[in-house]
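Enquirer: Sequence:
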Amino acid sequence: MDVCPCHLPLQVHEEYIVSFTTYDTLPALASRLDNVLATYESPVSASSSSLHRQIQRHNIPTDFVVWHLHDMSLSVIRWLRIQPGIKSIVRNRRLQLTSLTTTDPTAARQGTHLQHLIRMPFLMFSVTVDTFTSSSASWNYMDDWDISRLRAQNITGVVLCPLISLSLPPPLPSTYSTPPTPPFFFFLGHGIKVAIFDTGVDPDHARRHFRHVEDIVNWTDEPLLRDSDGHGSFVAGIIASVHPACPGIAPDVRLVSFRVFTSTSASYTSWLLDALNFALFLDVDVLNFSFGGPDFADAPFVDKIHECAANGVVIVSAVGNHGPQYGSVTNPADQIDVLGVGGLGLSPSTVRTVYDSFECVIRMVQFTHIARFSARGQTLWEINSGYGRVKPDAVAPSMFVRGLSGENTCRLMNGTSMAAPLASGMSALVLSRLTPSQRSTFGHVGFLKGLFLQTATRLPSLYGAWVLWDQFRNVQYPSGYIPHDNLHQQVDPFDSQGDHPHTNFCDFFHRLLSHHHLFVEVLTTDYTCVGDWSLYGVLVITDPEDSWFASEVALVDAAVRRHDGLSVVVIADWFNPGLVRHHMSFWDATTLSTWQPVTGGANVPAINTLLAGFGVGLSSHVWSNVELLYMSGSALIDLPDPSFVLYANLTQDTKKDRGVDTGLFKQDMKEMAIAAMVQIQGGGRIVVYGDSSCVDSSTVSQMEHGTVSMYDC
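For the sequence shown, the working numbering assigns the number 2 to the initial residue and increments by one for each residue that follows.
Among the clues, some could well be false.
DMTMM-like mimics (lysine to aspartate or glutamate), calculated; alpha carbons at most 25 Å apart, straight line [claimed, not checked]:
#1 Lys88 <-> Asp25
#2 Lys450 <-> Asp304
#3 Lys88 <-> Asp296
Computed spacing ranges between beta-carbons, pair by pair [unchecked claim]:
#4 Leu647 <-> Asp565: 22 to 32 Å
#5 Trp467 <-> Lys671: 35 to 45 Å
#6 Phe443 <-> Tyr327: 24 to 34 Å
#7 Pro224 <-> Pro44: 31 to 41 Å
#8 Gly447 <-> Leu647: 49 to 59 Å
#9 Thr529 <-> Ala466: 13 to 23 Å
#10 Asn36 <-> Arg95: 21 to 31 Å
#11 Arg208 <-> Lys88: 33 to 43 Å
#12 Thr529 <-> Gly451: 29 to 39 Å
The set of hints was computed from the structure by calculation and includes no laboratory data. Remember, it's a predicted structure, so these values are computed and weren't measured experimentally. Quick reminder that beta carbons are idealized off the backbone N, C-alpha and C, glycines included.
Let's have the full structure, built from the sequences with the hints guiding it.
Expert: Okay, here's the thing in structure tokens:
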């Protein structure tokens, strides 16, 4: 083994992609590189390779050379980068993928195994579907084309922007002998050229199941056109198949299949670049990637994607199957000029039902959820210089999608690989409706993103109705003398930790988000500033110290009593006029004045005013049960019938005579109502809890109750 001395420059034996600022033939660029290297200070042991470069065989202009550097110092690379006409020099990266099929559609991250630096097809599982056979020997494919096409691919549920569903016209009744021609149905992609970067398409499939396969180009170093994996044929079938059991979205498109992965699932950046250059040369309209990888720093590939987008190519790319983790969107789907497509799926229970009862798969299935396996943003490549962006741009059905399989069969597959060609086919349909002049102006990804956004139907919200958190009622020291909520602690007399969802109520706030999947909006104004109460499902009032205006009380009353109205959750605290007036005032030597609390732990009289219209009232005594983490709270004394009430054994806390002892004195234990729920007829609900200690992290941390959770109360 030869070891380089530590004082010598590092020797490399690598394959590099040398990109130029202009296009030329491959021999011309190789000659230019040799001429530049001839001016280097010492002989360069290197060679430019055109072996397996299909771009040379097609005599297509290119902008890079694959350069083999043999046992040379890295200094030659640094020198070459600054030479005129050289755009960049990076290693030619080997990309390895391994796809895995599985029969478990509920798995979150099945479908791919990472090996080295990966751009992978996003396949999850497949099931063979019996071949469709017409009952009539004279069956005319075009008579039933639109019905079978839309039903097969579930296009009534296709989604083409975040949480938004694009709706097409309903399927035509099968009784039509001559279907009418609504404006969208009979545009089938005519005149649009779609390129598919994948594992290729079997020539036999191309002859039997497609109308217009213009070319199948093998960019790998294998002398094969056969699709050994089947992934590429499936993807192509989703877009343009005319197989009666698994028809494609846009059967009239002119299809170009680029085989960029070998039978061993390997690829190189140079193969992708050659294929992209050829796509530009062919003036392709739509380009489909059903693969991707985490390497957003592969500069030649990223730059070439930008170049294609700038030349009006609509690039559609699957985001990957690494959900539900955030930050898992792959490249090139993470680029701003690419339509990144995620997966639309079913709820977990529906998935299991459909999978267990296979007949359900054949029927129309409504997709209402983002698939669990679908990757999420934000994008990562901007983080060093910015914040990142929301991705994916679109979601389309990615479960139980039908496509080509064997010689005369179809199969069902899951994964975002299946979602991307659905979006590509939809893009081709839209572009086919434009005239050539309109296409030159509007045929780009920005137009399609905006169009899909404007014409889509929004999916149900992930969170449902929002939670409105009333922060406006919370007053803290030093705005006034607000006594501590827990009278059992003697350290700090003031309530000074904010009573905010991002301070001492932070654990409660995160509980709402993570365990109950609620969207919480923090209100910092009075209720008259709320524009539309119908947006909110729950109003949360936690430990309020301020009072409500009469107009606000009326607004809440009306919002609760409307059909499917607002629910109000009040988490109160203690209040006792005697304690406030006689036992908690003190002389402050700094301000030379007597300080007196403006209220108790919470403004119970104001709460009673707010809830009086619903027949709910709290007591003016202080109650506790340390074992329940009910520390200096109130109790419910007025409730309508019927009500759901929770009782607990509490002790009443009072102060001893001030001259003797200012500590708490506990009277006999009594059974008191600590929580209640009132259902308002035809409207929302009123939920009241008498103490905030169990949601106040400052109180919980002070109590040495390792066996008591703040959410056990």
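Enquirer: Of all the hints numbered above, which does this structure not satisfy? Sort the numbers upward.
Expert: Violated hints: none; all satisfied.
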